[in-house]
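Peer 1: Sequence:
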Amino acid sequence: MTVFTSNWELTASEKSSNSNNQLSAPFSHSSIALSGRSFHSLLTLAHYRVFDSQGNSLTLNDLTEHINKTDVTFLGETHTDAVAHYLEALLLEMTWDQSQTVSLEMFESDVQYVVDEYLAGLINEEHFMKSGRSWENYASDYRAIIEFSKKNGIPVLAANAPRRYVNMVSRLGEESLHSLSTEALQFLPPLPYPEATEDYENKFRAIMSAYHSMLPKVSRTEKIANPEREEPNNRFIEKRTTEDPSIDEEAFQKMLAAQNLWDASMAWSIASHLKEHRQSRILHINGSFHTDYKIGIPEHLKNYLPDVTILVVTIVPSYEFPHFSEAMHGLGDFIIVTDANLPPSY
Numbered sequence: 306m307t308v309f310t311s312n313w314e315l316t317a318s319e320k321s322s323n324s325n326n327q328l329s330a331p332f333s334h335s336s337i338a339l340s341g342r343s344f345h346s347l348l349t350l351a352h353y354r355v356f357d358s359q360g361n362s363l364t365l366n367d368l369t370e371h372i373n374k375t376d377v378t379f380l381g382e383t384h385t386d387a388v389a390h391y392l393e394a395l396l397l398e399m400t401w402d403q404s405q406t407v408s409l410e411m412f413e414s415d416v417q418y419v420v421d422e423y424l425a426g427l428i429n430e431e432h433f434m435k436s437g438r439s440w441e442n443y444a445s446d447y448r449a450i451i452e453f454s455k456k457n458g459i460p461v462l463a464a465n466a467p468r469r470y471v472n473m474v475s476r477l478g479e480e481s482l483h484s485l486s487t488e489a490l491q492f493l494p495p496l497p498y499p500e501a502t503e504d505y506e507n508k509f510r511a512i513m514s515a516y517h518s519m520l521p522k523v524s525r526t527e528k529i530a531n532p533e534r535e536e537p538n539n540r541f542i543e544k545r546t547t548e549d550p551s552i553d554e555e556a557f558q559k560m561l562a563a564q565n566l567w568d569a570s571m572a573w574s575i576a577s578h579l580k581e582h583r584q585s586r587i588l589h590i591n592g593s594f595h596t597d598y599k600i601g602i603p604e605h606l607k608n609y610l611p612d613v614t615i616l617v618v619t620i621v622p623s624y625e626f627p628h629f630s631e632a633m634h635g636l637g638d639f640i641i642v643t644d645a646n647l648p649p650s651y
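Okay, so the sequence shown: first residue is 306 according to our numbering, each after it adds one.
Because the hints were derived from the structure by calculation, they are not lab data.
A portion of the hints provided could be inaccurate.
Stated by the list, open to error - Quick list of in silico lysine-lysine cross-link-like pairs, DSS-like style, CA-CA up to 30 Å:
#1 374 <-> 607
#2 455 <-> 580
#3 455 <-> 374
#4 435 <-> 455
None of the values given here were measured: they were computed from a predicted structure.
With the hints as constraints, model all of the structure from the sequences given.
Peer 2: Structure representation (structure tokens):
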């Protein structure tokens with residue numbers, strides 16, 4: 306179960322760390338002890354550092370002040386980073402009010418009604434997880450977000466495109482979407498969705514080229530399609546604009562269109578909600594690849610809602626923790642560096 310505790314005290318070592326780069330006052334602290342993983346409850350201020358885009362040291366309070374005055378905040382994570390999940394639950398607890406909405410990559414738009422039924426207390430958790438097609442790491446990593454939202458009446462958007470349609474685009478191309486029924490199209494952004502920008506294509510090509518050369522063939526497709534699941538150091542791959550002759554261009558363009566569909570779909574889900582609920586603030590959680598450098602979902606969201614205000618927070622697990630490296634410059638408006646030497650969450 307999710308345990309939220311308050312009025313906690315820092316240990317001596319935490320107080321020392323706090324004096325350098327953390328909160329200046331106590332706050333309501335979230336211990337995420339899920340599915341018997343008591344490790345989560347041991348996470349403390351000592352396991353992360355907060356910086357601005359240029360590497361200047363900040364506090365979590367600095368970040369929450371920006372979240373509270375921004376329409377849409379993106380929290381970009383590595384999906385197995387235990388500290389990232391701790392921080393996501395903590396930031397939600399610190400910033401939520403009656404205008405807050407949570408948006409998640411981890412649930413697909415065709416199960417929105419299932420999410421709504423669970424939040425309303427109509428169905429039990431077992432049926433929610435099964436019918437909602439929750440990720441395998443739901444219990445350890447995302448349950449805290451859902452349970453806090455349920456307890457406090459916070460809407461949750463199942464923001465992502467149904468995986469079956471993303472897979473279809475990766476095999477048959479974007480034009481195959483036009484063969485879908487009207488019922489199916491309601492779960493996708495309006496067609497044609499905007500093409501990937503040059504910066505996004507270059508980033509995706511660099512990732513794909515690197516994995517194509519480094520990974521066994523049996524695992525390439527999954528890992529390319531989910532770049533934010535990879536080891537922390539693999540995320541910082543030098544951008545390349547030249548084509549790698551070992552990559553089939555037609556196959557690449559289909560995979561790019563599929564990746565781009567994920568981003569357009571999440572942006573459309575957010576935009577649609579904001580159009581109906583103009584006073585909402587949205588906290589969206591996604592794999593960092595979708596929002597690094599404000600490329601991906603933020604670009605699509607600006608297409609749909611040009612006047613929306615956006616904040617990108619990139620949470621980076623690093624084996625060089627607590628240092629801010631040159632490769633992290635500009636990843637987001639805020640960069641939170643976490644300790645990659647800790648055990649993965651799942």
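Peer 1: Compare the structure with each hint and give your call.
Peer 2: Right, here's what the structure says about each hint:
{"no.": "1", "hint": "374 <-> 607", "result": "holds, 17 Å"}
{"no.": "2", "hint": "455 <-> 580", "result": "holds, 23 Å"}
{"no.": "3", "hint": "455 <-> 374", "result": "holds, 23 Å"}
{"no.": "4", "hint": "435 <-> 455", "result": "holds, 18 Å"}
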